[in-house]
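Visitor: Read off the chains here:
6 protein chains.
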Amino acid sequence: MAGEDSPPACQYFNLTYPLPFVAHVEINRPQKLNAFTEAVWRELPRLFSYLSTSPSTRAIILSGAGPKAFTTGLDVQSFSEHSILNPSSQSPQFDPARTAQQMRRHVDEFQNAITSIEKCEKPVIAVLHGWCLGLGIDISVCADVRICAKDTRFAVKEVDIGLAADIGTLSRLPKVVGNGSWIKDVCLSARQFGAEEAESVGFVSWVGSHGGKDEVIQEALRWAELVVSKSPVAVQGTKEILNWSWNRSVEDGLKYTSVWNSAALQTNDVMEATKAGMQKRKPIFAKL
Amino acid sequence: MAGEDSPPACQYFNLTYPLPFVAHVEINRPQKLNAFTEAVWRELPRLFSYLSTSPSTRAIILSGAGPKAFTTGLDVQSFSEHSILNPSSQSPQFDPARTAQQMRRHVDEFQNAITSIEKCEKPVIAVLHGWCLGLGIDISVCADVRICAKDTRFAVKEVDIGLAADIGTLSRLPKVVGNGSWIKDVCLSARQFGAEEAESVGFVSWVGSHGGKDEVIQEALRWAELVVSKSPVAVQGTKEILNWSWNRSVEDGLKYTSVWNSAALQTNDVMEATKAGMQKRKPIFAKL
Amino acid sequence: MAGEDSPPACQYFNLTYPLPFVAHVEINRPQKLNAFTEAVWRELPRLFSYLSTSPSTRAIILSGAGPKAFTTGLDVQSFSEHSILNPSSQSPQFDPARTAQQMRRHVDEFQNAITSIEKCEKPVIAVLHGWCLGLGIDISVCADVRICAKDTRFAVKEVDIGLAADIGTLSRLPKVVGNGSWIKDVCLSARQFGAEEAESVGFVSWVGSHGGKDEVIQEALRWAELVVSKSPVAVQGTKEILNWSWNRSVEDGLKYTSVWNSAALQTNDVMEATKAGMQKRKPIFAKL
Amino acid sequence: MAGEDSPPACQYFNLTYPLPFVAHVEINRPQKLNAFTEAVWRELPRLFSYLSTSPSTRAIILSGAGPKAFTTGLDVQSFSEHSILNPSSQSPQFDPARTAQQMRRHVDEFQNAITSIEKCEKPVIAVLHGWCLGLGIDISVCADVRICAKDTRFAVKEVDIGLAADIGTLSRLPKVVGNGSWIKDVCLSARQFGAEEAESVGFVSWVGSHGGKDEVIQEALRWAELVVSKSPVAVQGTKEILNWSWNRSVEDGLKYTSVWNSAALQTNDVMEATKAGMQKRKPIFAKL
Amino acid sequence: MAGEDSPPACQYFNLTYPLPFVAHVEINRPQKLNAFTEAVWRELPRLFSYLSTSPSTRAIILSGAGPKAFTTGLDVQSFSEHSILNPSSQSPQFDPARTAQQMRRHVDEFQNAITSIEKCEKPVIAVLHGWCLGLGIDISVCADVRICAKDTRFAVKEVDIGLAADIGTLSRLPKVVGNGSWIKDVCLSARQFGAEEAESVGFVSWVGSHGGKDEVIQEALRWAELVVSKSPVAVQGTKEILNWSWNRSVEDGLKYTSVWNSAALQTNDVMEATKAGMQKRKPIFAKL
Amino acid sequence: MAGEDSPPACQYFNLTYPLPFVAHVEINRPQKLNAFTEAVWRELPRLFSYLSTSPSTRAIILSGAGPKAFTTGLDVQSFSEHSILNPSSQSPQFDPARTAQQMRRHVDEFQNAITSIEKCEKPVIAVLHGWCLGLGIDISVCADVRICAKDTRFAVKEVDIGLAADIGTLSRLPKVVGNGSWIKDVCLSARQFGAEEAESVGFVSWVGSHGGKDEVIQEALRWAELVVSKSPVAVQGTKEILNWSWNRSVEDGLKYTSVWNSAALQTNDVMEATKAGMQKRKPIFAKL
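The listed protein sequences derive, respectively, from chains A, B, C, D, E and F. Take the first sequence: its letters are residues 1 to 288, numbered as in the working numbering. Take the second sequence: its letters are residues 289 to 576, numbered as in the working numbering. Take the third sequence: its letters are residues 577 to 864, numbered as in the working numbering. Take the fourth sequence: its letters are residues 865 to 1152, numbered as in the working numbering. Take the fifth sequence: its letters are residues 1153 to 1440, numbered as in the working numbering. Take the sixth sequence: its letters are residues 1441 to 1728, numbered as in the working numbering.
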């Protein structure tokens, strides 16, 4: 399954390679502000599984098509028509426990689809602009790096439609932002916040200086170009070890690192990187 | 036990409802700078257990009475007279192990009293001003959101009286502030710090622009008013899932979320919130 | 073994006591920019084990000798000659599994050497200046507090030589900095960053205002002087409880605190600190 | 609160002291086969909190009154009348999420009541006989030691009334019995099993040789008499450390043990036990 | 995706329904003693995902076709031809780190395939007979209940072919058998053991009295018939809560139980089970 | 440090090689029933660290010299003279917190010494006979496999001298024996038990049929001979993965296994084992 040659056909995502080894994934439903129906999120795991093992891909840029939004989140119309969320609770057959089972299966599948971004072996940099609401937050906290345009407007929107964010925001936000008071504030109030605030609390690590998306894409390309010039063994190992350690104690992190590196340190890339450094040339690494 | 009608009588806390569904709890021992004796903290869990299940309460503001202090922490005089901390270690019957058992029971009860703020199902916003020392830090890290007046002076004061902070600061501060160097600094040195520093490291998420407590209370009221306008099912679920996930791996957080939401998503509030949004009116949610 | 009188002889580290109870450890290989060979890191655990239980030591300043660097990390020349990293993989006897076993043992020992800084019972403040690369980051995240000169240049350098940082950076950085996007950025790209950026994300908690190392050493001395004036029972308990709680749930942190303090609260230091406070004199604490 | 003199008045439990320091708690609703209504389980935590800190109590025997049953579990009649489990789901106001909140609060309180047996600082030996069904299993897995009469009939009965055992059996049974296949068998099928089977899988550690309860009470008294002759510091520390370690890694268990014992080893009981051993007399230990 | 009507086509597994709601899955490669090639295990997750949500399935019997073996494990011939395990390590391009990456992906997929049995929402009872070697152990520890014929011969065979069991035996065996000395013995020595020994240590919970497979199938049918007569809400909740709690602390188990049951207790099955009990008839439960 | 040629000189332990690759470690203080003074346990970690990486060692037998005891545990006389346990608590300088610090350091070192058996990379089989008391239990639960003579008498003896077992029994016993009721019984009562009982609860996995030690040594030799005939890569990986997984969730166990095996599966031993199997000869494995 690893290393398959052609990407899966996607209706709602564009996949291009603006630079060697740099994949650009674009959420492509701009006329609906890149809102997600079920058909949209079901495409995600196939796409990111492909990229995870594709030897031609060493870094991924994730952005939204069109000038207005990364994504406004769940497609409200599609959502309100969703049968699961409209249980005919007055019918005699209605059983909250059976409905709960359906819900759980549905949420589990939805979560798994988004988690495929986090599980992707290659670094993912999210380029945010315009609206980044609800599911947009769930998605971007799965990326490794988040940068945004000056005009981006964020909100952990879910309480506004009567629910707790369930596709990952509440589990991942406390891992990536070290400001508990701010996290509780924005998750409980659903209030909007802008790029400057997002940067000051560490939700994004870079903000564009003008208004639009283009300069952020350029910054992402610069970053990705730098990353793909490094040993893919080193880069992918770094992502994996960080993701593992994040959730665990220092002791467990150290042990995992030493076991992981017991194989990784045997790579030819160490020799190649060292030699290239001494010879002041760019190293060339085998595919991975 | 859920939904009892009348709050417990408290000697050291005022309870008012400045807005519908918004409870205001005031530590009320201003002549002693709101310092805590054992009698004070023993009232806390009864009060917050009541609020936790009171259907008339959807958000809680916690502040200190008087102009000078949120609280200066443990009442030193009361503390130094406390028999447990004055073991007559030269008596022939003195047994450090038996004394330790007494200490442990005492600290456990004290911790449980303060933890009742964290366990309260409703969001708690702490309004800090003046002195916020020692136990004041233990208490405020149990709140969900922390905001403060410009004149607030903080210190993790405990090492100054010969002990390690034992009522929660050392366990919770690293969860709510993402600056390990600063945490170790202030906990090991007991040095004071002000509102600006507290904001820059993320200990508080908002600081007043003038000196006093009033504008912070106003800000808290604005925030609470916003929060109580949302679905209580969504708000309380968000608090609970965040608290659970904070301490656990992403995987365990995601699973808990999907199980929690399997019941919560069946709420009528989703429909009401969606309808109200389309009808551009304020939604009305049943009590919880 | 506790309380031994004379420190171990070290070739690569200076140990001085600029103030009573304040030890100053200096990495002393300035002509090589304090780069680490295996001989260097093998001295570390003996030194820090000694300091951990030395009653004359209550705080430790860790810095690099010379004007140019805290440390540039692993000594590249020494590293590239290291037989473990040059397996003659084309020999018929070559066995990646056996090589992995050697690697694992080596990395485990290296990790343990650096971890001795974290395990040291006394607070450690790292004074960073000039180059702080690769292993310099692994070392400084083991310290309790990090402060730096204005001219410090940092990089999580490891991917540049084809490997994932394996001596602790990837396990500890997410615990001490609350900005996931930035952590992934610097670890995946190996890009340099300066003192201002280090402070803004919380990697260091203080930056000097001029360029050099001296003012940072002065600041460290002021901090250490303050810390050693406190009860050593309180200070060392605070470090231990923070380190334990950092990795665990709030519940486990609280329980450990109450068990720890059941003995610690019986110290005479509480009485001495309280009395000294009332008598407005400096308290005097017994050795520990 | 520790060490209060008189036990709480209980309607459904007898408390006697058949031997010095040995408390005997009897579930006392024999005409209903000791089935539990809400009024019954609400008495439990007050009783076991008292015993936990009562200096006159060093071991507890827990058994059921009458010849027929330890307990048949939840009182079915009382249970089926319980409003929470009969939501009028066809009413227009019915909201599964709000009902879930009520359920959760109710189950949490019920769990806490039973957990008070596990949290009791003194060893608890459960004497089982006759019927031991449903809640009887939840209760007995909270005890430290389980012994039973030859005629005891057990069942993890809950699936028979349409629910998963929620008061602790499913969380604790895998910790106390090392036979996963058997656990899944009896929990999924609700089938009955007898004393011999209970002993062979390790659910109980002793079975009487005749039919009745009396010989098991005698065995429990022999065991309790032995235990209360030991140092209470040692016995209570052993229970606490075992309960902590059971749920955690070996590393965390070892650390907790060393911190706990740093106070406990200072007890006078070590000297007294050692001296008494050399003098071939019974040691006398101070109260705890 | 839930509740799809027709099972996936399988080449290596038979699926029949010997009783209503009871699925029988048979590993069907008897001429090769049910040994597993990659093609075989790749069918497993599709089959068990289907069964997991199929409303017509409430319990699953898993056995091996033919008289000789449950399975002899990995197909040795297929395995030794597998390119991944035959790295041409003498080629100049050979890179142990890149090979490791391929291995990891392969093992992860293999593990996930087998884990689908554990994740299946319906109880699985494994019927073992004849040879049950290597992968046969990995598979059977994923089942909920294990029973076996008198003639069954077991071995944790992997060390005999130079590797540590990597598809789950080493992670799951310590959870289902409470005899550490025996586990280490059989895993380190790869020695065979029989049915009687398997029963005495708790690896299986029932052994047939004659030699063959048929009586074990009959026992499994009796067990499954009993289980499918119970509320599927109760049965599936019991499996899920046990699986969750097994891996976690009692506290986390209790909390998960109360959240899970907050929805599950609202099922109509409680009423139906209670009524049927009083009316002495078999309850009828809606599909799930 | 790995692979050093000569073992450390030991006063209290004999080291012999009765078979190729099989080390026999004998506790050698028979005139004192192999009781442990501090001088004894301080030799342990050096010995087991040596064996852990010695290429000539693939399995270790651990037994006690003389006919009477594996070990009676701590040397009582030595213990009662130990200054740490005799704090002159009536002296004015006495400080329970400082004494606790000394205790903790001492217990930590003692625990680490015993843990070296568990951490040893090679399998350890403990041969128990005669008295196996107190520390004898702490030591034997660190071994991988435990077998014993028919005349062995065991006791978790510590409460008899006024303390909770602190060198590992309370942390490890619940991991290796799946009978919670029995564990609490023997740990709380300090009662003796014999070989038959030890086998029936799974504390040992084999008991000799006559009275003495010799047949157990013979059985251990047979077992060790079998184990050292296997691939050392496979055997040592199996021990390591089991030890890791024991303490963690199934998910974490599976992941660690796949990372570990990504290097281990590249061993030449797989090919050698497979070839030897087909050629019906004994495989020959390179040293490790």
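Check each hint, because a few of them may be wrong.
When the alpha-carbon atoms are kept at most 30 angstroms apart in a straight line, the in silico BS3-like pairs for lysine-lysine are as follows [as the list claims (entries may be wrong)]:
id, chain 1, residue 1, chain 2, residue 2
1, D, K1119, B, K463
2, F, K1720, F, K1695
3, E, K1220, B, K463
4, C, K751, C, K644
Hints are computed from structural coordinates only; laboratory data are not their basis.
Visitor: Straight-line Cα separation of K1720/F and K1695/F no greater than 30 angstroms?
Guide: Violated, because 34 angstroms separates the two Cα atoms, which is more than 30 angstroms.
Visitor: Sort out whether K644/C lies within 30 angstroms of K751/C, counting only the CA atoms.
Guide: 28 angstroms, holds
Visitor: Checking one constraint from the list: CA of K1220/E to CA of K463/B, max 30 angstroms. Satisfied?
Guide: Distance of about 57 angstroms is beyond 30 angstroms: violated.
Visitor: Next pair to validate is K1119/D with K463/B; report whether the Cα-Cα distance is within 30 angstroms.
Guide: 22 angstroms, holds
Against the hints set out earlier in the document, violations occur for numbers 2, 3.
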